[in-house]
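Sequences are here, hints too, so could you generate the full structure?
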Amino acid sequence: MGQKEQIAQKKIPMRQCLGCNQHKPKKELLRVLRTPDGEILLDFTGKRSGRGAYICYDTKCLRAARKSGRIAKSLEVSVPDEIWDRMEEELDGYGKA
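Quick note: to get my numbering, add 114 to the position in the sequence shown (first position is 1).
I should point out that these hints are in silico values taken from the structure, not numbers from a laboratory.
Keep in mind that a hint or two might mislead.
[As the list claims (entries may be wrong)] Cross-link-like lysine to aspartate or glutamate pairs, in silico, DMTMM-like; alpha carbons within 25 Å at most:
id	residue 1	residue 2
1	Lys125	Glu153
2	Lys161	Glu204
3	Lys174	Asp195
4	Lys187	Glu202
5	Lys187	Glu203
6	Lys181	Glu196
7	Lys124	Asp151
8	Lys141	Glu204
9	Lys174	Glu142
10	Lys124	Glu153
11	Lys138	Glu203
12	Lys125	Asp151
13	Lys141	Glu190
14	Lys181	Asp206
15	Lys181	Asp195
Laid out in structure tokens, this is it:
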């Protein structure tokens, strides 16, 4: 088989969910973002600028990551309870919209 006959495989970026610890394709995970201004929010597009951490589109994973403190550690900031509650509501509402 020559070089021209081989089909180039596109590399799929993988990320680890901080809730369930499973590695999944980046497009299947939700990005939790710390903006340059220090705001913490859910980035459903995955394209906003800032430091990101990834979780599954599941409130169980968000709660597990909250309990373990892995998102706060990854984003290098403490996350207030109000922000956690808002993110959980957003995630609950996302699938129903």
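**Asked** Can you give the numbers of the hints that this structure goes against, from lowest to highest?
**Response** Numbers 1, 7, 10, 12, in rising order.
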